[in-house]
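Here's the letter readout for the chains.
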Amino acid sequence: MRLTATVAGGIFGLLGAAGQAFFHVIPPPAYGICIACHMRDLVNWIVAHIYPIYGLKGGGALVIPGGPVSYNFPVLTVGGILIGAVIAARVNREFRWKVMRVWWQKPWAEFFLGILVMVSALTFGGCPIRTALKAAYLDMTAILGLIMIGAGVFVGCQVLKKLT
Amino acid sequence: MDLLAPIATVFLGLIMGYLGQRARMCFIGGMRDYYLVKDTYLIKGLIAFLICAFAGFLLFQFVAPALKTFPWFLDGGTVFSKKWAAKGITASPSPLLPAPGDPITWSPKVWAHVVLAILGGFGLGFFSCLAGGCPFRQHIMAAEGSKSAITYLVGFALGAVIFHRFIAPLIKAIFT
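Just so you know, the protein sequences line up as chains A and B, in that order.
According to our numbering, the first sequence is numbered sequentially starting from 237.
According to our numbering, the second sequence is numbered sequentially starting from 1252.
The set of hints was computed from the structure by calculation and includes no laboratory data.
One or more of the hints may lead you astray.
As the list claims (entries may be wrong) - Here are the simulated SDA-like cross-link-like pairs (lysine to any residue), alpha carbons at most 20 Å apart as the crow flies:
(1) A:342 x B:1398
(2) A:334 x B:1398
(3) B:1398 x A:352
(4) A:397 x B:1374
(5) B:1295 x A:329
(6) B:1295 x A:240
(7) B:1398 x A:323
(8) B:1334 x A:259
(9) A:397 x B:1334
(10) B:1398 x A:339
(11) A:397 x B:1286
(12) B:1295 x A:323
(13) B:1398 x A:329
What the hints assert, rightly or not - Quick look at which bits of chain B chain A covers, simulated, 3 or more residues with Cβ under 8 Å:
(14) 1286 to 1297
(15) 1399 to 1411
(16) 1417 to 1426
Said to hold, decoys possible - Going by beta-carbon spacing under 7 Å, a handful of chain A positions derived as facing chain B:
(17) 244
(18) 352
(19) 365
Just so it is clear, CB atoms sit at the ideal spot from N, CA and C, and this is done for glycine as well.
Next comes chain A alone, as it looks inside the complex:
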């Protein structure tokens, strides 16, 4: 069977549900796969252990700002994805250093785009993957969020047409 995006998307969906059902990546619900939230948990866990004032709340206990599943030890999906993708790129000889040509995808611009994407993703609790996962979990705000992502991409495409 050829590995198309359809097959990969189906496997991701099953993995996301399985992570919650079998591997205890819960609470919060529908947390099996998320890029923004799991990166947030990892970063906040590290920052709160370096500067304890960042995580202190109320009674003086160290509470990591993030999903309760990562209070003791953060979930490490981001590291796994990077390692897996490096292995895939090396095995299939697709690794080479490159820089995007267009000015809004030069490294300095992508730095600010990264900040903006993370802030707007955390505003309603999830990267596109977790929004889709929550929408499959029948979360009404996530379904609205998915529709609004579609609207944002539509406006972004109009801007891209103007820019190119």
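The hints should help you fit chain B onto chain A, whose structure is shown.
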């Protein structure tokens, strides 16, 4: 200390990273390609993700009976709040609210979540479209050696600190 979730997510991530690199999987890219060139290769992945995640949530709860919560709003999230009361999780009294457990921006008002979903969703779609892929795709491109994607990841990690230091208190002040 329960280390099952961190260890399991490493392996989930490994599988996802490998498959994502081979299939060029991208969630934002699917919509973008459909709008710009009417190409349906990637958006089929998004639809397959939604269907399989729904089927997974529906079926896995019979295999793992500890989590029999799938249409979670039928009981208003009381299962969640009973189980995780010690972790400070509040139940949703209404199916229009998000599933309980995201403690950062949670508020009992429906309109607050509608406003947040509209603002956040639109910003996420717009900026991801400009950046050339969803966060997942940027991780894959960073692993393929794109220097743009590597600086994106640095900004992505910094964005989490900025959000929790400055923007989360602002949202809480406005919506509670």
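Status of each hint after checking the structure:
no. : hint           : result
1   : A:342 x B:1398 : 8 Å, holds
2   : A:334 x B:1398 : 6 Å, holds
3   : B:1398 x A:352 : 18 Å, holds
4   : A:397 x B:1374 : 18 Å, holds
5   : B:1295 x A:329 : 27 Å, violated
6   : B:1295 x A:240 : 9 Å, holds
7   : B:1398 x A:323 : 18 Å, holds
8   : B:1334 x A:259 : 17 Å, holds
9   : A:397 x B:1334 : 50 Å, violated
10  : B:1398 x A:339 : 13 Å, holds
11  : A:397 x B:1286 : 11 Å, holds
12  : B:1295 x A:323 : 25 Å, violated
13  : B:1398 x A:329 : 17 Å, holds
14  : 1286 to 1297   : holds (count 7)
15  : 1399 to 1411   : holds (count 13)
16  : 1417 to 1426   : holds (count 3)
17  : 244            : 4 Å, holds
18  : 352            : 5 Å, holds
19  : 365            : 6 Å, holds
Consistency note: the structure conflicts with the earlier hints numbered 5, 9, 12.
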